[in-house]
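Residue numbers (the working numbering), protein chains in the order written: chain A, 1 to 444; chain B, 1 to 310; chain C, 1 to 330.
Worth double-checking, as some hints may not be accurate.
Claimed, not checked - Below, a list of computed lysine to any residue pairs in the SDA-like style, where the Cα atoms sit at most 25 Å apart:
(1) Lys233/A - Asp15/C
(2) Lys2/C - Asn323/A
(3) Lys92/A - Leu27/A
(4) Lys130/A - Ala140/A
(5) Lys68/C - Met160/B
(6) Lys401/A - Asp15/C
(7) Lys336/A - Leu4/C
(8) Lys219/C - Pro168/A
(9) Lys92/A - Asp15/C
(10) Lys326/C - Gly261/A
(11) Lys124/B - Lys68/C
(12) Lys443/A - Ala64/B
(13) Lys64/C - Lys30/A
(14) Lys19/C - Pro26/A
(15) Lys278/C - Glu409/A
(16) Lys219/C - Glu365/A
(17) Lys433/A - Ala150/B
(18) Lys216/B - Tyr309/A
(19) Lys124/B - Ser358/A
(20) Lys392/A - Lys68/C
(21) Lys124/B - Lys324/C
(22) Lys19/C - Arg362/A
(23) Lys30/A - Met160/B
(24) Lys124/B - Lys30/A
(25) Lys55/B - Glu398/A
(26) Lys324/C - Glu398/A
(27) Lys278/C - His10/A
(28) Lys30/A - Ala64/B
(29) Lys278/C - Leu405/A
In case anyone wonders, no lab produced these hints; they're calculated from the structure.
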Amino acid sequence: MKTFAMGGVHPHDNKISTEAVIEQMPLPEKVVVLMNQHLGAPATPVVAKGDKVKVGQLIGEAQAFMCANVHSPVSGTVTKIDTCKDPFGLAKPAIYIDVEGDEWMESIDRTPDIKRECNLEPKEIVAKLKEMGIVGLGGATFPAHIKYSVPDGKKAEYLIINAVECEPYLTSDHRVMLEHAEEICIGISILRKALGVPCAYIGIENNKPEPIRVMREMAAKFQGIEVVPLKLKYPQGAEKQLINAVTGRKVPSGKLPIDVGCVVSNVGTTFAVYEAIQKNKPLIENILTVTGKKLPSQHNYQVRIGITYNDIIKHSIGELPENTGKVISGGPMMGKAVCNLDAPTTKGASSVLVFDESEACRNTETNCIRCGKCMNACPMGLEPYLFSSLVKNGRFEEAGKNNILDCIECGCCFFSCPANKPLTDEIRLGKNKYRGILAAKQKR
Amino acid sequence: MTTQILLAVAVLGILGIVFAVVLYFVAQKFKVVEDPLIDEIAEVLPGANCGGCGKAGCRALAEAFVKQGNMEGLKCPAGGNAVMEKVAALLGQTAEASEPQVAVVRCAACFTGERRQVRYDGLKDCSFAGSLYMGENGCAFGCLGLGNCAAACQFDALSMDPVTGAPLVDEEKCTACGACVKACPRGIIELRNKGRKNRRVYVNCVNKEKGAMARKTCDNACIGCGKCAKVCPKEAIKIENNLAYVDYTVCIACGKCVNECPTGAMVAENFTPVKPKPAEELNAPKATITESVAPMAEKVELNNNLPHTN
Amino acid sequence: MKPLSISGSPHVHSDESTKKIMWRVNLALVPMLLVGIAYFGLNALLISLVSVACCCLFQWLIEKFIMKVPTTLWDGSAIVTGLLLAFNVPATASMIWIVAIGALVAIGIGKMSFGGLGKNPFNPALVGRVFLLISFPVQMTTWPTVGKWFPMSLDTTTGATPLGVIKEGLMNGQKLSDIMASNDMPSLLNIFLGHIGGSFGEVCALAIIIGAIYLLCRKVITWHIPVSFILTAAIFSGILWLVNPEKFVDPLTTILTGGLLLGACFMATDMVTSPMSKWGQLLFGFGCGLLTIIIRNWGAYPEGVSFAILLMNAVTPLINRYIKPKRFAK
């Protein structure tokens, strides 16, 4: 069975919410829609205080190149256009909406029928993706219209669908594949058409036998879609590692997947693409796992973006357990710890993961014993222990020479470190500082 | 036996002579001619290599002095006027005396008790923590309390207060080299003139949020109300981005603004509560002193006793 | 509710720790300890106890009174050092007090003077051993012979190690075939089972292999250093043997005698003092093997494993610097 070339770790996968069917989260009373839910510049609000908005109406417009449209996830009145503290306590531009009813834009097809035909030209597909504010739902929230416009002189040969879900705990992709297999395959066909590639591969890790079976059966009905089961190993879902696992190609340092003829898309994104192109539904909902070993129940929800973390917790489990130590948005390996639960969710949110105190705290750091486990675990073939000491001594340029910018921040080094050194933290710091040095050099 | 000893002595002796000759020629070939003045100036400089001058170290500054020939734009902030005079004498120039400065931490950070909203558990580095989240006390502008400034200080003048978790400046030791200013990722620390009798008035906050939001975050936040600017006799206070700033080059340390401040963000340092007449002493023109002196003294004292100011 | 904790990702850990690694090494050393006690009895037991106790004591004292840091005694690394040091000395009664000095040197100079576990450039146990070898040459080369099982007496009859017999024979101008045929040389089976003279941890190849297999299975060590060390030694000595079988020992005897196996599996693989990349480890093992054979055949001492490993320890930072792991897509 295929997997990527080097490094990787095997965290306990803890997929305890695979049986929870996707439920619809009830509408909250208020939502706050952040203007930068994607990688790049924030969108510009195009509504004013007091405006009535419908579900799916454009409220934030993409004006910069690296930007995505934002649509209203609810119907109601705009009460405020101001800043809002994001889950990490940092102020971001946002639109506040009071929910009134649930009135959708007329253009959106809300019938449960599956629409299979798509007659749009590739350019029209990309334009529609931009209009609908689609972003990559794998975590990086990269605006989709940029990803699917292949630059001149380059050619896409493979479309790789990331259904690996290598992060422990997360099951949203798992459930989507079980419940919306056909829509996903239609979405993949649309993306294939947009890119003009002959074949699409769906990479799924072998700890998900059921989705592999379901997707295989469905893919057989479509042309040019193939399911590739992959050996369980983290971080298989990282772009470069997935391309390597599926095609055997390696994206060189500083290059993009398109440079080796690949485009990678998350499986959740393909579902959003289907809804956007076939049903005219903008990206206003995402599928989110609420999980944690110590929680009374496990859930998978379809939620409107802009709902606060507190609302999600209230609807799913009532309230956080008394000894909650950490709330994480995303998976435990690459997700971010949330400190402001009053903050709204965004397009890229894939889970609310609750850890109790014993799971949350890090063990005490001890001396590095130079065991080399970090180096063997690194999927990019880097030397985390070296970065640790270089960063500590402020030798960022030397860290740069040792390819620190190639780090994908997967966390394998910290995960495997017997001395509990915050290696990933140190590398992130080093990357930031080194980027600063490079930028300063360029200015000069 | 004797031949062996003689042989060893001879071999080693010849080797020694050969190496000596080689070394002599190498030394001649790669000789670096250096102005002896550089050494002399480097001798005078503090030798802490703090980087406050913007050069790589004290020797680099000395080289810059000699290369330039005059003192324009070059200064050793750590050494202060005394050192600059010595350097000037060596260079045959006159030193311009500058006002002595001191590092001022402009945040009433407190990481204990109710203000603590989250617990940080990761790399002890302010700029990394600041890229992750707002800070343990909930303020996205304030001190993160992980001590980058204290680590940067070469003069042992900054320490982290074990009670509040915020940095404390030792005025006696601080040389105003500016290393901490560069080290702080949130720009909280500022070099300000020491002031007459070490008396300084400054805004102990850098929160640029709107008043209500700022107040919600911290009791001692500047809410940008502008009361201080109104009473200032010298127009030394500017309000920008919901934040007041006292221009230390204009401020006469009268202390009026301190009493006006509704949140206690305005701080007067080293004002003696016993002799509280700085306003009258300095005889500010058109100053309408409506309050009696006694409550003012009380307020000043109160501010001085805040645990997080120096 | 208490404050939520926040940190950069990842938020989970493999639960691997230095402590677990060190205790696994201790467990892997138990077979050798048992064999040592079985062959050399009370002496071996006492030497081990004194060595481990002294290592722990000195580490605790240094951390408490000199470094003034919380003690790291429970990570078990001092016990590893203590056991390895004990395994590397002959099990005679006079060693019981000498090994205490070795423990002081191993922990004090070999480890703590550099800042404790993880910062030492040389394997502490080997530093201790080499110090003893140079300071107490007579006691360190007076080897007890194996007699009955579990000898309880402190007095032992002494003899020479196979390597010592060979070295002395060759120095006296004897032919190797004559030496091997003499009564002093044990059979290969006895060498494998450890029924020979020598430091009490290194005699039994079987016990060492059992321990090494355990460490390999628990992923404490990788195969690279032991395999390249042993292979290099075998190939190099094999070449020499083919050239002149009357002067050089055959490869199998070379590997099974002396401390080569113990060194290759437990001393050279010490994480702190060996290179980190796979290719670096192979090079390290190669260097160790080469130096061992060179010292054994042309050096003053009959055994060269300790010196070889220490010399390669010194080169380790250089190997780490220049032999980088293979980068992704390069």
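Hint-by-hint comparison with the structure:
Between lysine 233/A and aspartate 15/C the alpha-carbon distance is near 17 Å, which keeps this suggested pair within the 25 Å criterion. A distance of roughly 8 Å separates the Cα atoms of lysine 2/C and asparagine 323/A; the hinted pair therefore holds under the 25 Å criterion. A hinted pair counts as satisfied when its Cα atoms are at most 25 Å apart, and lysine 92/A with leucine 27/A qualifies at roughly 23 Å. Proximity of lysine 130/A to alanine 140/A is assessed by CA-CA distance (about 17 Å); at most 25 Å being required, the pair is judged to hold.
In summary, the hint linking lysine 68/C to methionine 160/B is supported, as the alpha carbons are separated by about 21 Å, within the 25 Å threshold. Restraint check for lysine 401/A and aspartate 15/C: not satisfied, since their Cα atoms lie roughly 32 Å apart, outside the 25 Å limit. The straight-line distance between the Cα atoms of lysine 336/A and leucine 4/C is roughly 13 Å, inside the 25 Å bound, and the hint therefore holds. Between lysine 219/C and proline 168/A, the direct Cα distance comes to roughly 23 Å. Compliance with the 25 Å bound is thereby established for this hinted pair.
Pair hint lysine 92/A plus aspartate 15/C does not hold up; C-alpha atoms about 37 Å apart against a cutoff of 25 Å. Proximity of lysine 326/C to glycine 261/A is assessed by CA-CA distance (about 23 Å); at most 25 Å being required, the pair is judged to hold. In summary, the hint linking lysine 124/B to lysine 68/C is supported, as the alpha carbons are separated by about 22 Å, within the 25 Å threshold. For a cut-off of 25 Å, the pair hint linking lysine 443/A to alanine 64/B stands: about 24 Å separates their Cα positions.
Simply put, lysine 64/C and lysine 30/A have alpha-carbon atoms about 59 Å apart, too far for the 25 Å limit, and the pair is violated. Between lysine 19/C and proline 26/A the alpha-carbon distance is near 49 Å, which puts this suggested pair outside the 25 Å criterion. Only pairs whose Cα atoms come within 25 Å are accepted, and lysine 278/C paired with glutamate 409/A is accepted, the gap being roughly 23 Å. A hinted pair counts as satisfied when its Cα atoms are at most 25 Å apart, and lysine 219/C with glutamate 365/A qualifies at roughly 21 Å.
Between the alpha carbons of lysine 433/A and alanine 150/B the distance comes to roughly 19 Å, so the proposed pair stays at or under 25 Å and holds. At roughly 20 Å between alpha-carbon atoms, lysine 216/B and tyrosine 309/A fall within 25 Å of each other, so this suggested pair holds. A threshold of 25 Å between alpha carbons decides the hint, and for lysine 124/B with serine 358/A the separation of about 21 Å falls inside it, so the pair holds. Our distance criterion of 25 Å between C-alpha atoms is met by lysine 392/A and lysine 68/C, whose separation comes to about 23 Å.
Between lysine 124/B and lysine 324/C the alpha-carbon distance is near 28 Å, which puts this suggested pair outside the 25 Å criterion. With a C-alpha separation of about 16 Å, the suggested pairing of lysine 19/C with arginine 362/A holds against the 25 Å cut-off. Simply put, lysine 30/A and methionine 160/B have alpha-carbon atoms about 42 Å apart, too far for the 25 Å limit, and the pair is violated. The hinted pair formed by lysine 124/B and lysine 30/A fails the criterion: a straight-line CA distance of about 37 Å is larger than 25 Å.
With a C-alpha separation of about 20 Å, the suggested pairing of lysine 55/B with glutamate 398/A holds against the 25 Å cut-off. About 14 Å separates the Cα atoms of lysine 324/C and glutamate 398/A, which keeps this hinted pair within 25 Å; it holds. Restraint check for lysine 278/C and histidine 10/A: satisfied, since their Cα atoms lie roughly 20 Å apart, inside the 25 Å limit. Of the pairs offered as hints, the one joining lysine 30/A and alanine 64/B is violated, with about 62 Å between alpha carbons and a cut-off of 25 Å exceeded.
Distance check on the hinted pair: lysine 278/C and leucine 405/A sit about 23 Å apart at the alpha-carbon level, within 25 Å; holds.
When each numbered hint is compared with the structure, violations occur for hints 6, 9, 13, 14, 21, 23, 24 and 28.
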